[in-house]
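Given these sequences and hints, build the entire structure.
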Amino acid sequence: MKKLINDVTLYVNEMLDGLVAAVPSLQRLEGTQVIVRSELSEKVGLVSGGGSGHEPAHAGFVGKGMLDGAVAGEVFTSPTPDQVFEAIKAVNQGKGVLLIIKNYTGDVMNFEMAAEMARAEGIDVEQVVVSDDVAVENSTYTVGRRGIAGTVFVHKVAGAAAEAGLSLQEVQRVASKVVDSVRSMGMALTPCTVPASGKPSFELADDEVEIGIGIHGEPGIERRSIQSSAETVDYLLEKIIADMKVSADDEVAIMVNGMGATPLSELFIINHHVAEMTKANSLHVYRTLVGEYMTSLEMSGFSLSVLKLDEELKTYLDAPSAAPAWTQTEG
Amino acid sequence: MKKLINDVTLYVNEMLDGLVAAVPSLQRLEGTQVIVRSELSEKVGLVSGGGSGHEPAHAGFVGKGMLDGAVAGEVFTSPTPDQVFEAIKAVNQGKGVLLIIKNYTGDVMNFEMAAEMARAEGIDVEQVVVSDDVAVENSTYTVGRRGIAGTVFVHKVAGAAAEAGLSLQEVQRVASKVVDSVRSMGMALTPCTVPASGKPSFELADDEVEIGIGIHGEPGIERRSIQSSAETVDYLLEKIIADMKVSADDEVAIMVNGMGATPLSELFIINHHVAEMTKANSLHVYRTLVGEYMTSLEMSGFSLSVLKLDEELKTYLDAPSAAPAWTQTEG
Amino acid sequence: MIGVGMNLEQFANFIHDYAQRLEALKDTLNELDNRIGDGDHGTNMARGFHTAQQQLQAKSPEDLGAACNVVAMALLGSVGGASGPLYGTIFMKLGGALKNLAQADIEQLIEGLQAAKTGIIERGKAQFGDKTMLDVWEPTLEYVTAHSCDEELLQAVMVARIAALETRDRVAKKGRAAYLGPRSAGTCDPGSVSSGLFFEVLISAWRGGVETIPWETLVL
Amino acid sequence: MIGVGMNLEQFANFIHDYAQRLEALKDTLNELDNRIGDGDHGTNMARGFHTAQQQLQAKSPEDLGAACNVVAMALLGSVGGASGPLYGTIFMKLGGALKNLAQADIEQLIEGLQAAKTGIIERGKAQFGDKTMLDVWEPTLEYVTAHSCDEELLQAVMVARIAALETRDRVAKKGRAAYLGPRSAGTCDPGSVSSGLFFEVLISAWRGGVETIPWETLVL
Ligand SMILES: Nc1ncnc2c1ncn2[C@@H]1O[C@H](COP(=O)(O)OP(=O)(O)O)[C@@H](O)[C@H]1O
Ligand SMILES: Nc1ncnc2c1ncn2[C@@H]1O[C@H](COP(=O)(O)OP(=O)(O)O)[C@@H](O)[C@H]1O
Ligand SMILES: [Mg+2]
Ligand SMILES: [Mg+2]
Ligand SMILES: [Mg+2]
Ligand SMILES: [Mg+2]
Chain A
202 MKKLINDVTL YVNEMLDGLV AAVPSLQRLE GTQVIVRSEL SEKVGLVSGG GSGHEPAHAG
262 FVGKGMLDGA VAGEVFTSPT PDQVFEAIKA VNQGKGVLLI IKNYTGDVMN FEMAAEMARA
322 EGIDVEQVVV SDDVAVENST YTVGRRGIAG TVFVHKVAGA AAEAGLSLQE VQRVASKVVD
382 SVRSMGMALT PCTVPASGKP SFELADDEVE IGIGIHGEPG IERRSIQSSA ETVDYLLEKI
442 IADMKVSADD EVAIMVNGMG ATPLSELFII NHHVAEMTKA NSLHVYRTLV GEYMTSLEMS
502 GFSLSVLKLD EELKTYLDAP SAAPAWTQTE G
Chain B
202 MKKLINDVTL YVNEMLDGLV AAVPSLQRLE GTQVIVRSEL SEKVGLVSGG GSGHEPAHAG
262 FVGKGMLDGA VAGEVFTSPT PDQVFEAIKA VNQGKGVLLI IKNYTGDVMN FEMAAEMARA
322 EGIDVEQVVV SDDVAVENST YTVGRRGIAG TVFVHKVAGA AAEAGLSLQE VQRVASKVVD
382 SVRSMGMALT PCTVPASGKP SFELADDEVE IGIGIHGEPG IERRSIQSSA ETVDYLLEKI
442 IADMKVSADD EVAIMVNGMG ATPLSELFII NHHVAEMTKA NSLHVYRTLV GEYMTSLEMS
502 GFSLSVLKLD EELKTYLDAP SAAPAWTQTE G
Chain C
-16 MIGVGMNLEQ FANFIHDYAQ RLEALKDTLN ELDNRIGDGD HGTNMARGFH TAQQQLQAKS
44 PEDLGAACNV VAMALLGSVG GASGPLYGTI FMKLGGALKN LAQADIEQLI EGLQAAKTGI
104 IERGKAQFGD KTMLDVWEPT LEYVTAHSCD EELLQAVMVA RIAALETRDR VAKKGRAAYL
164 GPRSAGTCDP GSVSSGLFFE VLISAWRGGV ETIPWETLVL
Chain D
-16 MIGVGMNLEQ FANFIHDYAQ RLEALKDTLN ELDNRIGDGD HGTNMARGFH TAQQQLQAKS
44 PEDLGAACNV VAMALLGSVG GASGPLYGTI FMKLGGALKN LAQADIEQLI EGLQAAKTGI
104 IERGKAQFGD KTMLDVWEPT LEYVTAHSCD EELLQAVMVA RIAALETRDR VAKKGRAAYL
164 GPRSAGTCDP GSVSSGLFFE VLISAWRGGV ETIPWETLVL
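Protein chains in written order, with the working numbering: chain A, 202 to 532; chain B, 202 to 532; chain C, -16 to 203; chain D, -16 to 203.
Hints are computed from structural coordinates only; laboratory data are not their basis. As the structure is a prediction and not an experimental result, all values here were calculated from the model. Note that beta-carbon positions come from the ideal geometry of N, C-alpha and C, so glycine has one too. Please note that a few of the clues may not be correct.
Stated by the list, open to error - Taking lysine-lysine pairs in the BS3-like style, the calculated list, with each CA pair at most 30 Å apart, reads: (1) B:K378 with B:K440; (2) A:K290 with C:K9; (3) B:K290 with D:K156; (4) A:K440 with C:K100; (5) B:K446 with D:K9; (6) C:K156 with A:K378; (7) A:K509 with A:K296; (8) A:K480 with B:K446; (9) A:K400 with C:K9; (10) C:K156 with C:K100; (11) D:K9 with B:K440; (12) B:K446 with A:K203; (13) A:K400 with C:K156; (14) D:K9 with B:K290; (15) B:K400 with D:K156; (16) A:K265 with B:K265; (17) B:K400 with D:K42; (18) B:K400 with B:K509.
Claimed, not checked - Derived CB-CB ranges, DEER-like: (19) A:N214 with C:E199: 29 to 37 Å; (20) A:E439 with B:M478: 32 to 40 Å; (21) A:R424 with C:L203: 16 to 24 Å; (22) D:Q110 with B:A523: 45 to 53 Å.
Unchecked claim - Residues of chain C clear of chain A, computed beta-carbon distances all greater than 12 Å: (23) A7; (24) N13; (25) I19; (26) Y126; (27) A129.
Have a look at this one:
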């Protein structure tokens, strides 16, 4: 394991301190693994989080117009309920708190326990569970789909809605609309290595890739031979679009998300073909994000997300945000 | 070679198209490898560039408050003079153009030839050559130091100075001040693979690192056993500070720059120790940038840059910029 | 030795031994989780029970119920992931059943374990056969309930062991491994293995005489 | 065959053959550049002379000077890096010396090559011994100037070959390899090898009878 770290047991601790040292608009709640905005506004509070190792998610999306708090678990391990509870208490301004949870058994259970604790103290808490990964079959017999990079769209839109002064129920409605409208799928060229285990999460031959991976170094649903960037995009995009209710002339937002080690140049090469293919499908791309938003440590690979837009979602997507990892590109 | 690409000969072409497809504030000059702002302001023009493979540099720093144009060569190969000339012509608003060049034989020669062409057409062209890499000995017998990640500080400060309406000579003076005040040094855990060659740029054992690397996959000045993140920071920071004229209570800006494949979490862990060590050296950190600014494809590693500040540099560093790869963190 | 049961000291030994065995089995559990999940189950469990053991020592609770609660809170506060709330719930429910008891007889213990199992189902909504720790809890508790006399109890360890190993061929329906679909078959469920070890160490603390199961060689 | 020289056809053959040989030697040049630079010298040169050859065919210039200029512009517009301006300058200077000539004799050619060498020095500011292509140009031109009769000319190929190989032990003072300091010793300078090949193919086009140098086995 070749990493620029000190003590594996201090990984998350040092990372969080290094983050707040660099970003004055964020602070760490003392004695916790919770990052909150240095200045909170009087509005519905937004809390998200999950295991560490997905940086810039989730703390990078804390800031005016997006999240108010992010809770960091150990690497790829969902945070504990007491930590989530601390975040809820810290961001609650009397208008209630919305939890944005990615659909993993651990995340759901830990956040729900925290919600129970908070409600017991009289705090209004609601939640949305993001499940955008079309790689996973969705049926009542399964755990449902995973939440992956599409979650960042939920942070952005719900954050803008909260900033606009909407009520907890309204912010939840808007957030749920994003959950319903976003689909994603990812693939990996290489595994990643969780510091505590020290071993690669899987092994791949030089010409193999994993398709339909999660964001925790899990193997995907299928192992294939490597194809060109364009063929890979075709494969993922087809699965994504097949699962969405989009029709010609619909407006969409696109996210080309790097898993950690993919050069930005390759992400742009990917986007080059995404732009061609969305056009071929008569979809209007209203906004495109290309970069690292939800990573898996040093995994090489990417995910594609497509969000179907309406006027309301466009407004909230366009609203400014000061979160350090949100890149505002001028229209 | 495991990459998400199509045709190696189309690498730069598809990347540039994929970039402008994502960023509406940028456009590609038709038939060239030049990216310019969609809307230019009447001010001194700023052009930088170099080989591709350093994304987000250089095109990601094109935008209001930073560069006006960026020229992309083949991967790790400086662009040709005719391309640089096109960029100069496109951004010139009659107030002259400043070229920001990194100190490599190829870059300097190609940009200088372009400057000669432009001057022959009556365009006022000046240049600054960035040489921030303290890994390389600076003497009259050598080529001088390389320009690496510190270049981004030059883009930012000179960009703000130009936006503020300064004359070409004044913008050049400010840019030169940054060149004089910034020092950097980098290291690598892994090599990178230039698409056209298909082979790793060097080979390292599992416990070896290269210290004092450039940004083109070149081997560094020294091969060592891997050390902890903190020890590595100590080593680089000591070399950097020893070479600067900083004294207690000086204000500095810090850049912790990922080489392409280093997880952001590790960059924060690095910054955690940088913050401690600058404090121990009685330096006041005015602003910290942590992320990928000047990369070497999928190389794993990082560079540290320290910029000594004065009031003028602080003002220009703080000024807003719309360049997509510049992250503004609120104070 | 009819009337086998557990006192505070035995409970503390149980937690101590379980923590130690988890530490030793950490890499194996991580490796199993690596194959069909995210590779952290060993790290999670070892971290959690190390914390639990420390807190138990620091707080020296007065009865079994309080001791279970100390363990539950330690797990909830230090594990995270799926196993944190699940093992946390196990000890919370056990604590409820053993409230104010300095010593528990076998019926009380079994009642507590039944409550724990119900807690797992409530939290995780899994069924037997979904390739989760429930695949161990369900048959082991069924056996223990039907055969609670001392000699037979020893056999419960074998039941748990077989149940854990039988998860190997199943396709996961719950938890992270479920995302792999058919690819999840062929690897033992890590949480089932940690639960198999749980019963091994628990029954050893109850009555002793349990042979150490070579989990590492059995499951890899 | 006294009065050996070069006409337009020979020049076109020279560019054609050089482009082909560069393509064949591409990986070797990249590998050398990988060891002490950034691994692109082969790609750069092959791309540049492929373009030059195409442009030459497309534009069919009328004299040697114009042909050299076509090559110079093609290189300047397609190579980049350090080698682009340097090889571009070489052909620009050569073109100046061969202006309006349909055919050049050996003195005119040598004059042109001298001007090219001066151009390299002006652009690159290197000295002999700095481990750059100048380490080949300097001794080869010195030899050619002193021994320009036909038979001796053949020996110039050997001089260039030895000069290129002798860069191996030097520590680079200019170009990207200079950043490596002492670590640059032990590898032949890629630009010197491409220049050695330049002289081999050039002299072969002049007078024929040059044996193909096995650069790949010599330099790796
Ligand atoms: N819904 C569930 N019900 C019961 N047990 C579950 C459930 N989901 C997961 N588990 C158990 O949790 C184990 C995984 O724990 P762990 O790896 O620590 O958490 P995570 O999956 O969050 O990384 C699985 O092996 C399985 O036995
Ligand atoms: N200042 C210089 N003068 C003469 N030749 C030089 C100089 N700098 C570099 N070179 C030559 O250029 C070669 C490298 O060319 P190339 O790899 O194509 O460009 P780059 O170094 O920009 O990647 C070196 O091997 C060397 O022979
Ligand atoms: Mg986990
Ligand atoms: Mg180069
Ligand atoms: Mg796990
Ligand atoms: Mg080179």
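Discussion item. Are any of the numbered hints broken by this structure? If so, which, sorted upward?
Written reply: 2, 3, 4, 5, 8, 11, 12, 14, 17, 18, 20, 24 and 25
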